[in-house]
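S.K.: Spelled out from the first residue to the last, the chains are:
Number of protein chains: 2
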Amino acid sequence: MSVWNGIQALGLICFAVLLCSPGASAKEPPRPNLMPWPASVQAGSGSLRVDSSFSMALTGHTEARLDRAAQRFLRQLSRQTALPLPVKASSKPTLTVHTDHASKEVQELGEDESYLLEISSDGAKIDAATTLGAMHGLKTFLQLVEVSPDGFTAPALKIQDKPRFPWRGLMIDVGRHFVPLDILRRNLDGLEAVKMNVFHWHLSEDQGFRVESKKFPKLHTLGSDGLFYTQDEIRDLIAYARDRGIRVVPEFDMPGHSTAWFVGHPELASGPGPYAIERKWGIFDPAMDLTNEKTYKFLDDLVGEMTKLFPDHYFHIGGDEVNGKQWDANPKIQEFKKSHGLKDNEALQAYFSQRVQKIVTKHGKAVVGWDEVFIPGVPKDIVIQSWRGQASLAQAASQGYHGILSNGYYLDLGWSTARHYAVDPLSGPGANLTPEQQQLILGGESCMWSEYVNPENIDSRIWPRNAAIAERLWSPQNVTDVASMYARMNAIGSELEWIGLTHRTYYPQMLRRIAGPGASPEELAALRRLSDVVEPVKDYTREATAPAEPTSATPLNRVVDAVLLESDAARRFGDLADKFVASSCRDADTGARLRAQFAAWRDNDAKLQPLMGRSFLVKEIAASSQDLSALGAIGLAALDFAAKGGAAPDDWKTQQLAVIEQVKKPKSQLLLMPVPAVQKLVEAVAAGGSCASPKP
Amino acid sequence: MSVWNGIQALGLICFAVLLCSPGASAKEPPRPNLMPWPASVQAGSGSLRVDSSFSMALTGHTEARLDRAAQRFLRQLSRQTALPLPVKASSKPTLTVHTDHASKEVQELGEDESYLLEISSDGAKIDAATTLGAMHGLKTFLQLVEVSPDGFTAPALKIQDKPRFPWRGLMIDVGRHFVPLDILRRNLDGLEAVKMNVFHWHLSEDQGFRVESKKFPKLHTLGSDGLFYTQDEIRDLIAYARDRGIRVVPEFDMPGHSTAWFVGHPELASGPGPYAIERKWGIFDPAMDLTNEKTYKFLDDLVGEMTKLFPDHYFHIGGDEVNGKQWDANPKIQEFKKSHGLKDNEALQAYFSQRVQKIVTKHGKAVVGWDEVFIPGVPKDIVIQSWRGQASLAQAASQGYHGILSNGYYLDLGWSTARHYAVDPLSGPGANLTPEQQQLILGGESCMWSEYVNPENIDSRIWPRNAAIAERLWSPQNVTDVASMYARMNAIGSELEWIGLTHRTYYPQMLRRIAGPGASPEELAALRRLSDVVEPVKDYTREATAPAEPTSATPLNRVVDAVLLESDAARRFGDLADKFVASSCRDADTGARLRAQFAAWRDNDAKLQPLMGRSFLVKEIAASSQDLSALGAIGLAALDFAAKGGAAPDDWKTQQLAVIEQVKKPKSQLLLMPVPAVQKLVEAVAAGGSCASPKP
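For the protein sequence lines, the chains are A and B, in the order given. Heads up, the first sequence is in the numbering used here, so the first residue is 1 and it goes up one at a time. Heads up, the second sequence is in the numbering used here, so the first residue is 697 and it goes up one at a time.
By construction, these hints were calculated from the structure, which means they are not laboratory data. Since this is a predicted model, take the numbers as computed values, not measurements. We put the CB at the ideal spot given by N, CA and C, even for glycine. Heads up, a few of these hints could be off.
[As the list claims (entries may be wrong)] SDA-like, lysine to any residue: derived pairs with alpha carbons at most 25 Å apart:
#1 A/Lys158 with A/Leu66
#2 A/Lys162 with A/Gln609
#3 A/Lys619 with A/Gly493
#4 A/Lys607 with B/Arg1225
#5 A/Lys579 with B/Pro780
#6 B/Lys976 with A/Leu66
#7 A/Lys218 with B/Pro780
#8 B/Lys1275 with A/Gln609
#9 A/Lys665 with A/Asp589
#10 B/Lys1315 with A/Arg49
[As the list claims (entries may be wrong)] Now the stretches of chain A that chain B is said to cover, found in silico as 3 or more residues with beta-carbon under 8 Å:
#11 141 to 151
#12 392 to 400
#13 515 to 527
#14 609 to 617
#15 624 to 635
The whole structure should be built from the sequences, with the hints applied where relevant.
M.R.: Here is the structure:
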C-alpha cells in the first residue's frame, strides 16, 4: 500500500491500477468519487460487495443518535442502490462502526471529528473518537458505494480523515424569502453529506422577522406575513441538525436590516415610522435607536429568550450595512453622538455593538458578527464573519480575533464553482499570518442570500456547488485540481439527489412551465438547448438589469430563475474548443463535434419560434436565442476557414468580433456562456498561427 | 356562442378561432387542455388574465372544507404559475364560487357532482349544487390556466359538467409492496385533479396485512414487517381524501390472498401452518378455514373494528383467486363440503362469501367483491368489481346487480394508454343491456397491483395514464379521439408535476443510478436514447421472463423498472413513419427526420459500450442495445431503397424481416417499441407499391 495525499491522488485518472475496472480508459471519471477529499487515502486491492445481505454493527460508545445515524445510513444506502436492506443485525456485520466516546451534549466548535475507515473485500470498519467522527465515516462510506460490472461495490482502501477547519458552514437567509422547514431539512441532509458542521440561520431581515417570540409576539405576527418558525419547529430543526453533527447558529441582524422588527415595535427605530415590511431589495434607512436605553432593555429580553431557544455557544448579531441616514436625521442621536464623543456613524455603531455584545455575553454566549462589529478592544471571544474578504479577516487575526470567511462563498452571486473553489481562508493576506494567527481563522461559510430563490430553485443555487466549498474547508490545502473537482462534484450531485435535494428536478419542470404544457418534445429540446448554455447575470447586476424593479412579490418563473448558475454544457464546450485549437485545428473528431454543436445552435432559433409565439416567458429570451444562432454561424464559418487552412482574412475577423461584442452583452438578464470559447476560436483561426499552420 | 359536445370539439386543432394565439398552426396541441373533457363546452371570446392580483370569493353554502379547497386551489395556482398570490380577499374577486348546499357528511355514491364554470375576460364564476361540484369546478379552472403571449390566462368559455359514471376509482395494492402515506397523499391529489372519486385501498395480501388492528394486533405486528398504517394515520388519510371529494373503500382480501393474516393467526387457516409472510408473487395455497365458526367470530370482530374505522358505506372483501388446494387437503373441510351439499370449491367459497356478506351487512355496510363473490341470490346491494371483464359485469347487471369494471384498467400490465382508453364499461356485452340494467354499472376502477412498484416508480406507473381512464369514466361516451387524448394527457402530465407527483422525476434519476454517478452526459444520452424506446414486457410475462425468481426483496433498480410503461418516443416515431409511407416515401422532410433517427439508433450501441463495461445494470441490456442498432441499420437501408425508387429485392426483404423477427423478441424483459413501424416501412419499400410508385 502506498500513502497518497490528496493532491497526488487527484491528478490520477484512476484511483489505483488495481481499482480500475476492465473498461477503464482516459475518459473515466476520477475515482473514488469523494467530496470532500479525505486527509489521507491509501489504496487497497479488490472491493467489497454491497448487496442485500449488507449489515452493520455499532460497538463501543452507544447513544440513540448513533442508532438513528445507522438507520439513516441504511436508508440512504438503500435509496442509492434500491437494495432492500434488512433491518436486522447479523452475526458477521459487513460494516462495523466503533465509537470511543460521546461528543459534547451541545456540539462545540473544534470537537474531534476524525475517523478511520478501512474497507477490504471482507468487510469494512470505521473507528472514531466521537460520535461526530463516526457519522462522518458513514457518509464517506456512502460516497464510496458505486455501480460496477458485478453489482454495487466499495473499493478496498484505508482513509484517515479529519477536517482542516473546525467551522464549515452554510448560511441561509430566510428573511428575504421565507424558506419552509422541509427545504431546510433537506439542506441539512446535504450539509451532513459533505461534512459541513454549521447551519447559520439568518432569521431576521428588513423583509421578515421569522422567529416566534413569546416575549414580543408583535415581532413575528406583524413582521413576517405569517411566514415564521414556531419555537417548537425551531427546537425540532436544531435536534435534526444535532443528529447530523451540525451546529445551528442563529442570526438576528441589527441595528440595520431590521425594518421588519419596527412594524410591531416602531419605538426601537431611529426614525418616526410607521413601518411596513420591506418588499424591495437593497440597503434601507431604518436602523435601531442606539441612544434609547429601552432599545437595550428590549434586546436584553429578546436575546435572553433566544439564547434559551438556541443552545449553540455562538449568537450572531449581524451588524452589516447600516447606511446611517436615520441616525443623521435624528437630532437626539446627533446630540448623543456629540455628548459621547463619537466622531462618526462608525463610532456610533461601535458603541451599539459593544452594548449588544455585553448583553450576549451576559446570557452566556459568544458573539458572531459581520466585519462591522469588529472594533479594536472588543472581547476576544467574538468571531468576525467576513463578507469583505481575507484582508479584513487577516487584520482581525493579527490582532488576536477569531474569524470565518464568507467573502468568495456567496452562492447567490452566480460565480463558477471553480472561482469559489479557488478562495482559501488562508490565502492572500492570510498566508502572511503566523501559524498562531492562522489558527484564529476558524473556517468559512457559504451564504445563500435569498432575493432570487424560492422552493423551486433554492437547491440548485446551493447544490452541488456547495460541496466544493465544503471541500475547501475540510480537505488539505493542496487539494486544488479543478478538473477533478468538477468530475467529483457532478458525481456527488447524483448522490445528493437520493438524499432528496431537488437541484436537478425543478430545472426541466420550470422549463416546461415556461414553454407551456402543450409544448412538443422538439420545442422543449430547443428551449433546453438554449437554457443549457446561458447563466444569470453575475454579482449584483440583477437589480440593475431587471425589466421592472424586483420585489418579494416578483414571480420567479422566468428563464433566468430556472437556469442553473453554472452551465455545464458551456464548460464542456469550452474544453472541446480548447482541445481543437490546441491540436492546431487538426483533430478531426473534435472538429466534427464542434461543427455539430454549432449547427444545432445556428438552427435553434427557428425551432424556438413557435414557443415564442405562444409564451411570454419564451418571448422574453428572443434576443438570447438570436445570439445563440449568430454564435453558431460564426463557429461554422471559423471551422470552414480552419478546414481550408491559411489565415482567415482580417475583415472577416473584425466582422465576427464585432458580432461577438454584441452577443457578449447580457439580454433579458442572461449571459451566453460559450462566447469566450468561440471568440478564442475565431482569433486562432484568424491568427493563422496555431490553427492555420499544422505541424508537418 | 356555439355549443360543442365533447367529440366535436376534440377533433379541432384549436379550441375556437378566437382563442387561437397568433402563432397558431396545425402543430399546436388541442386546447383547452382539459382532462377529463367536460360534458359540454361553449367557447367564448377573449380570455381572463391570471396575475398576482388574482382573488377569489366563496358564496352561498360555506364549510371549512371549502375554505381549505380554496386555499389548496390558490396554492396550486401559485405552483403552476409561480405567481405569489395574495391571501387576502378582494372587493371584486376574479373568481367567485357559489355553492348551494353541503354534500353528505360521509360522501355517498351518486351525489350531485355537477358544476357550471363561466369565464369571461372580466372574471370567472363557478356554480355548483354541492361542495363536490364546486371542488370539481376549481380543478377545471386550474387546467384552463395557460401560458400565453401576454402572461398567464384562462380562455373565455362556459362549461356545464357532470360525470357519466358515479364510481370512478383507483385501487392501490399496498400489500405486495407497502406504499408510504406521502405517496398515497400525492396520488389522492392526482385523483382529485382528474375528478376521480374513489380510492380503493387494497390493504391485505399474502405479502402483508397493512392495518393496525387493536382487536387483533398480531395481524399487523406479525404480518407486516412493521410496514403498516396506524389507525390514526388511516383516519388522517380518510380526512385527506374527503377534503378532495374522494371516498375511501378498504379491502380486506379473503378467504385467499391472506397468508399474512395467518402468521399471527394460524388458527384461521385451512392448513396446518406455521405461516410466514409470503415473499414471492402469484397465487398461493393458504386460505381461510370456512368450516370453523371461530373464523366467522374473528371476522365479525375484525369487520366490526374496521367498519368503524372506515366510514364509507362500502366494504370490500376481496374474494379473488382461491386455488382451493388447502381445502382439498383438509379432511374436515371435505367432510363439511359433503355434509352441506356443496358440490365444489366454488360452492364452498360461495358459502363463505354469504357468511361474510351477512357479517358486513350486520355492521351496516354494503359489500364490494371481485367477480368470485357474485353468487346468484346474494343481496342486491352488493357491488361486483370485475377483473374478468364486461361480460361478467353484464351478466351480473342483467340479474339486477351493481358492478364496476376493472378489467382493462390494470395499470401494471403495461398496456398503452390508448388500449385502456378504448375500454368502456358499457361496450361489448354491456351495450346490449337495457337502459335500466346499464344504470347498474356504476363505473370502474383502475388498479395498481404492486409487484413491481416502489416509491421511485409507482407514480410513473399510474400517471399520467390514469387521467385517460378518469376521462373514460367521467366524459361523454363519444369522447374517444386518441390523438387528442394523448395531447391533452401529456399536457395534464405537466400540471400533475406541480401537484407533487413524481411520474417524470425518477426516470432520469434511476437512469443516472444505473449508469453510475461518473457517467458523462454523452453516455447518459445514449442510455436515455435506448431507454426512451423500450417498454417492460406486457401482461403477466414478467415473472416468466425474469432472470431470477422475483420476490419482494428483489431490487427494482433495473432498466425495466426505470423506463416508462409507454414509450412516447416510439409512438411519435410510429406517426412519423406512417406519414412517410403515406406520402409514398416522397415527403423529404419526414424522410430526413427518419434518417437522423435511424442513424442515431445505429450508432447508439457504440456510445453505450463504456457504460456496459462499468455497470452491471447497463451490461444487462446489451442485447437490446444491439437490437436498436440493427433496427437503425435496417431503417437506413429501407430509406436508401425508397430514395432510389423501385421495389427492394425480395431477398433483402426476407433478410430484414428475419432480423426483425429476432429484434421483436423481448430481451432482459424489454420490448423494443419501434419495431412494428420499421417492419411496416420495410414491407412498404419492398412491396414497390405505395412507396416505390409515387403518384405522378
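S.K.: Please go over all the hints and tell whether each is borne out by the structure.
M.R.: Hints versus structure:
Taking the CA atoms of lysine 158 of chain A and leucine 66 of chain A, the gap is about 22 Å. The hint holds against a cut of 25 Å. This hinted pair does not check out: lysine 162 of chain A and glutamine 609 of chain A have alpha carbons roughly 54 Å apart, beyond 25 Å. Under the criterion of a C-alpha separation no larger than 25 Å, the hint pairing lysine 619 of chain A with glycine 493 of chain A is inconsistent with the structure, at around 32 Å. With a C-alpha separation of about 21 Å, the suggested pair lysine 607 of chain A and arginine 1225 of chain B falls inside the 25 Å cut-off, and the hint holds.
Taken as a hint, the lysine 579 of chain A and proline 780 of chain B pair is broken in the structure, with Cα atoms around 46 Å apart against an allowance of 25 Å. Note on lysine 976 of chain B and leucine 66 of chain A: the hinted pairing is violated, with a Cα-Cα distance of about 34 Å set against a maximum of 25 Å. Taken as a hint, the lysine 218 of chain A and proline 780 of chain B pair is honoured in the structure, with Cα atoms around 24 Å apart against an allowance of 25 Å. For a cut-off of 25 Å, the pair hint linking lysine 1275 of chain B to glutamine 609 of chain A stands: about 24 Å separates their Cα positions.
Distance hint between lysine 665 of chain A and aspartate 589 of chain A is unfulfilled; the C-alpha atoms sit about 31 Å from each other, more than 25 Å. For the hint pairing lysine 1315 of chain B with arginine 49 of chain A, the CA-to-CA distance comes to about 18 Å; that is within 25 Å, so the pair holds. For a cut-off of 8 Å, the count of residues in the region 141 to 151 of chain A with a CB near a CB of chain B stands at 6, and the three-residue condition holds. Counting residues of the region 392 to 400 of chain A whose C-beta lies closer than 8 Å to any C-beta of chain B gives 0; at least three are required, and the coverage claim is violated.
Counting residues of the region 515 to 527 of chain A whose beta carbon lies closer than 8 Å to any beta carbon of chain B gives 6, which meets the minimum of three for the stated coverage. For the region 609 to 617 of chain A, the stated coverage by chain B is satisfied: 8 residues place a CB nearer than 8 Å to a CB of that chain, which reaches the threshold of 3. Look at the region 624 to 635 of chain A against chain B: 0 of its residues bring a Cβ nearer than 8 Å to a Cβ of that chain, fewer than three, so the hint is violated.
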